[in-house]
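Since chain W is already given, all that's left is putting chain G on it; use the hints.
There are 2 protein chains.
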Amino acid sequence: MYEFILYSRKGHTSGNFSTLSSAGRLDTVYQCILTALFKSYGYRRDVIFHAILEGPPNPPLHLQVDGRKLERTTVDEVTWTRVLNLVLKGQKYLGISIEKKSFEVLLKEKQQESIPIFVLHEKGKSIMEVEFGPEAVFVLGDNIGLPKQKEKFALRFGEKISLGKQSYLALSCIDIINFLLDNYARTHFGISR
Amino acid sequence: MYEFILYSRKGHTSGNFSTLSSAGRLDTVYQCILTALFKSYGYRRDVIFHAILEGPPNPPLHLQVDGRKLERTTVDEVTWTRVLNLVLKGQKYLGISIEKKSFEVLLKEKQQESIPIFVLHEKGKSIMEVEFGPEAVFVLGDNIGLPKQKEKFALRFGEKISLGKQSYLALSCIDIINFLLDNYARTHFGISR
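Chains as they are written, first to last, in my numbering: chain W, 1 to 193; chain G, 1 to 193.
It is worth saying that the hints were derived from the structure and are not from the lab.
Among the hints, erroneous ones may be present.
Same chains, same label: a pair holds when it works inside one copy or across any pair of copies.
Below, in silico cross-link-like pairs of lysine-lysine (DSSO-like), each with a Cα-Cα straight-line distance of 27 Å or less [said to hold, decoys possible]:
1. 10 <-> 148
2. 152 <-> 39
3. 39 <-> 148
4. 108 <-> 148
5. 123 <-> 160
6. 148 <-> 101
7. 100 <-> 123
Bound conformation, chain W alone:
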């Protein structure tokens, strides 16, 4: 499995919002779900998306969207405003879960599972030079980036990697990584993701 962890500084942790952008920029979370998990026809079954929400009233929350289980969702923001509202109100939704968990605890868990952790960073090693296996975790900041303290913590467990000189939106970073992994998996493992 490939996993993306988005750190959302202000993403609201209860479901009482009319728009995602007014809920601590949950629109960024939606956009990342879109590019992490959706192909032209169907889902990426080998991807798990995580967001750590640090906004009011109940931070930190860990939102997980599991590509192995997702069904019957569409790609538009209106649908995901409804879905995220429901889930953050405590309702169940297939493939999506919420729990009280910090960024630090989530990263420690991934390390204990021996999954290589990569932290997107403009000064990192070029992603083109990284050797991937069948599992990897990619850590991204939201529209403001990772706070210094969180970045420092993540780098105790992971390696800095860079997508180049350009500064991309978080959803675009995920698209690019998925594309490179598609090619990498075909070239190195002979499989179609």
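For chain G alone, coordinates are given in the frame of chain W:
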């Protein structure tokens, strides 16, 4: 300039909708505007996005979003629902224009401007082997793909290129092309886009 042309079979051609997805999948148009024109901070000033809308009541319409002129828009779907409604009602909006024009006429114009035209196609030449200049037009289908007749027309003017075996959403295709052009421009022209 780099240009993207999205052919939208059903995109509505008047501004009286509550959601983009109910307006002939204008959510796909919004998503492509997002990845064509937005970087982490600011706009891609070297990109023009076009959509040909073929839905009711007044097809075909040519929507153009010019990265050189865009100001003060945000990246969420709610904002773009408002913007596209306004523009399709005939109101002016900085950087965005609407005119009555067909897919065929738009492509002929690009050819007359001597801009190389590339048509995304699963059986095309790998994009990795294409030589780019400082200008290019990329033609994409919507969530259903290009109709056969439109594809045939486009291939009179352009070359088939492929992003690989994976079937990507239209917004992801644009992210991937922008990423590859970022690297190409740096390697071949020594410039940052």
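Here is how each hint holds up against the structure:
no., hint, verdict
1, 10 <-> 148, "within (16 Å within a copy, 46 Å between copies)"
2, 152 <-> 39, "between (33 Å within a copy, 25 Å between copies)"
3, 39 <-> 148, "between (33 Å within a copy, 22 Å between copies)"
4, 108 <-> 148, "within (18 Å within a copy, 51 Å between copies)"
5, 123 <-> 160, "within (7 Å within a copy, 36 Å between copies)"
6, 148 <-> 101, "within (20 Å within a copy, 50 Å between copies)"
7, 100 <-> 123, "neither (32 Å within a copy, 47 Å between copies)"
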